[in-house]
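S.K.: Sequences and hints are given; from them, build the entire structure.
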Amino acid sequence: MNTASIVRRPARRALALRIAVCAVALLAGSASSAIAPATPAPDFNLHAMSGSNLRLKEQRGRVVMVNFWATWCAPCRQEMPQLVRLYEKYRATGFVLIGVNVDDDSSKAVEVAKKLGVTFPVVLDADKTVSKLYDVSTMPSTVLIDRDGKVRYVHRGYLAGYEDNYEKQIRELLR
Numbered sequence: 001m002n003t004a005s006i007v008r009r010p011a012r013r014a015l016a017l018r019i020a021v022c023a024v025a026l027l028a029g030s031a032s033s034a035i036a037p038a039t040p041a042p043d044f045n046l047h048a049m050s051g052s053n054l055r056l057k058e059q060r061g062r063v064v065m066v067n068f069w070a071t072w073c074a075p076c077r078q079e080m081p082q083l084v085r086l087y088e089k090y091r092a093t094g095f096v097l098i099g100v101n102v103d104d105d106s107s108k109a110v111e112v113a114k115k116l117g118v119t120f121p122v123v124l125d126a127d128k129t130v131s132k133l134y135d136v137s138t139m140p141s142t143v144l145i146d147r148d149g150k151v152r153y154v155h156r157g158y159l160a161g162y163e164d165n166y167e168k169q170i171r172e173l174l175r
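Count the sequence shown with the numbering used here and you get residues 1 to 175, in order.
Note that these hints are calculated values from the structure, not bench results.
Hints are supplied without guarantee of correctness; some may be wrong.
Restraint ranges, calculated between C-beta atoms of paired labels, are given here [unchecked claim]:
1) Arg147 with Trp72: 29 to 39 Å
2) Leu174 with Ala38: 28 to 38 Å
3) His47 with Ala160: 25 to 35 Å
4) Arg175 with Trp72: 35 to 45 Å
5) Ala74 with Asn165: 12 to 22 Å
6) Pro81 with Arg171: 30 to 40 Å
Heads up, the beta-carbon is just placed ideally off N, CA and C, and yes, glycines get one too.
M.R.: Now the structure itself:
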């Protein structure tokens, strides 16, 4: 055995490992089709902070924004006042905003929502069932659903100014 073949074996293994990792990443990326635009939004029924249950399917006929957030998420807290503004501005025109809190401790969610002046319904997803259904991997994550119950837009994360895009999309779906 010459030294050239000894050197090439680790390089081949490394290349094979890279190819395998890329394949897994591609498959994982394609598996998240549950919330792809133009597909039906997965239905859910969660307990709301107000005490009642809220079911997505019952919102059919309205434009719905579903925003996944957590109390420990700084961008979520930054985004919240903008979401409240959008909710207050468009709720009389057939727009619904549902905040889905993913904290393990729902009392924290209630406290932070009050502190931030949240006026839209907040439902509690402590066991992460709905978060998994919507393939939430980034906080916050926002899904816009049309009047027919189809996903139209999916947003991952938040930076200042995203709300301008949200508003444009909300107006488009309300037409």
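S.K.: Which hints, by number, does the structure contradict?
M.R.: Violated: hints 2 and 6.
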